[in-house]
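**Student:** These are the residues of each chain, in order.
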Amino acid sequence: MLAYLVRRLWQTVPTLLGVVLLVFFLFNFVGGDPAYLLAGKISNPEQIENIRRQLGVDQPYAVQLWIFIKQIATGDFGVSWATNEKVSEIFATRLGPSLTVLVPMLVIETLLAVSAAMLVAYVRGSLTDRTVMIACTVGQSISILVYIIVFQYVLAYQLGWFPVQGWSENLAENLLKYSLLPVVVGVIVSIAPNTRLYRSFFLDEINQDYVRTARAKGMGEGRVMWVHVLRNASIPIITNVMSQLPGLLTGEFLIERFFSIPGIGREVLLAVERSDFPVIKAVTIYVAIATMLVNLLTDLLYRAVDPRVQLK
Amino acid sequence: MMQAALASRVTRRSESPGLWMLAWRRFGRDRVGVASFAVVVVFFGVMLASGLHLIAADWASEVGVNYAPPTFARPNTSDRDAVAPEAPRGEKARGANPDDPLADVLSEIRGKEPASRDETGVADPLADALAEIRAERSGAATRAQTQSATLAFGGDRWGRDVLKKAIKGTETSMFVGLAAAALTALLGTLFGAFAGYYGRWIDDFFNWFYSIFTAVPYLLLILAIAAVLNQKGTMTVILILGLTGWTGIFRLVRAEYLKHKAREYIQAADAIGASHARRMFVHILPNVSHVVLVQLSLHVVLFIKSEVVLSFLGFGVGVDTVSWGSMLNEAQSELILGYWWQLAAATIAMALLVTGFSLFTDAVRDALDPKLK
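As you go down the protein sequences, you meet chains R and D in turn.
Number 219 in the numbering used here belongs to position 219 of the first sequence; there are no gaps in the numbering.
Number 84 in the numbering used here belongs to position 84 of the second sequence; there are no gaps in the numbering.
No incorrect hints appear here.
Mimicking SDA-like on lysine to any residue, the simulated pairs with C-alpha atoms at most 25 Å apart in a straight line are:
(1) R:K217 / R:R308
(2) D:K232 / R:L26
(3) D:K232 / R:F25
(4) R:K70 / R:F24
(5) D:K232 / R:S275
(6) D:K232 / R:F29
(7) D:K232 / R:L269
(8) D:K232 / R:N28
(9) R:K70 / D:W208
(10) D:K232 / R:L270
(11) D:K259 / R:Q310
(12) R:K177 / D:Q332
(13) R:K86 / R:L65
(14) R:K177 / R:T93
(15) D:K232 / R:A82
(16) D:K232 / R:V30
Simulated from the structure, these hints should not be mistaken for laboratory data.
Use the sequences and the hints to build the structure in full.
**Tutor:** Right, dumping it as structure tokens:
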């Protein structure tokens, strides 16, 4: 087990190096000279030279790359170009609001989608099944933007059931008041594709021999579905749920922007608008690291769910 | 001679139908598939006609009054004086929410001429210059007379026909989706073919490349690239989407090539002296093309959705181009004022195309791979 962990972590090194190179290439070659961006319109060559020296972009590329790697290792990406806030500080303060919305969203959505998918897989081919599937296809084809705009307008603005937007310092108030509508919208947007996906996972299992065996020995339908089928269908479901986890770190960009939630997703959008490179760089690198760790965790979970899985 | 004709007919009949023929027959039996195919064809027609300036070429002309309502919503008003452009609807409905946080801002906006202020309540410094240009372009006197009070599906802030904008938006969004999907399918197939066919270090290299691109969440990667490119435009969006989206196709095509390169027909091709390139692209590619085709149309849908989000956020198509995303962006602030038609037009157009394309993709997949069903 330990050997496996060490080997897997070792394997992430070349990938991480690749991500570092990709980000470095993007921001140093594709992006042009950041000094011009920073200096703005009113600038003379001396100022630009000055900024270049401060940023270290007058150094050879090898030195710049080394500086970048040192930044990643120490977690010190300097300050935001737009607000002069420390990048590490931005992360620390924005992660909380993102998680407050995204954790309930992920939990509720997964529970609902798995239950709905199991139900329609159980009555596959029936009118209910087909209606739900068509509803999912149509629901999926409407842009997330429309859901947010309409829900915010009708439920919050016209009917006044929820606050239109806002955020407070108090966790309980945030959870019970401000994050309600964002969670509802997020669940509705992601439930359609996931129900379709999970239904196909259940359908793969539902005709297997072990299901017939379980029924033949007189097991109740509830137990057959919720224990036997669910457990066997859970590996692809876990893969899908876990693949959504790195999204927790970046937040739902659009939801955070519309509802003015001071989370990481909104921060990334602001950074892109303001060409705030240090923030984007830091987010990209850290999310990549998180993705790789989540993938490792996923493989470990497979083992917990299905003892036949061999970790190699 | 008759015998020869007969013989040829006999041989033709004894020929077994190929993969594509069988798939076509299965597809023809799928009613949902055929219907969705018809929807996709209609949208293709709209895209082409709009691209060739046959329809909606004059989408930018201000044919109606500001925020002209749709004709079907108020059928009795043909007199333009009867229609005041400011806030005709929604005012009463909004009374339901007592603590309306935008009430002050809204009343302020409504008090102004729409031309001199935009929704944020910020005075437009170029308003006078713009008005001058407009007057020059269309002739202020004739313009006032030709503006109609209602339009078929309503008008936007400048009185442009929303229906024509939706057609123009269809052209942009669909073209971006198709072009980006074609680029991504090309890259994914090429990379996958090389990695799967040659194996060894080439495979390792491409897998490394794949792991890099999948380590960063898709939307974040797109935003990062949009940030460094720092320029808008249809071509930019196509490049961003096309260059980042190839990973899914790569994985599938690589697996297919791994499977196929060991088969007997490739050994036979090797034996008759076919080159590597010939074996890869003439012998194997037709056998895996159904995978590419299904992936291609899946990516069209994905990219149309992504383009809408990018354009909405302002990182997408240029300001002088209409796409569904930029329409939704305008519609967001219009909705607060009670003008719902632009939102409805963009949503309906997009939902129709995306639903049609998704169902079409499902039907194609079922037709090409009957085992899946």
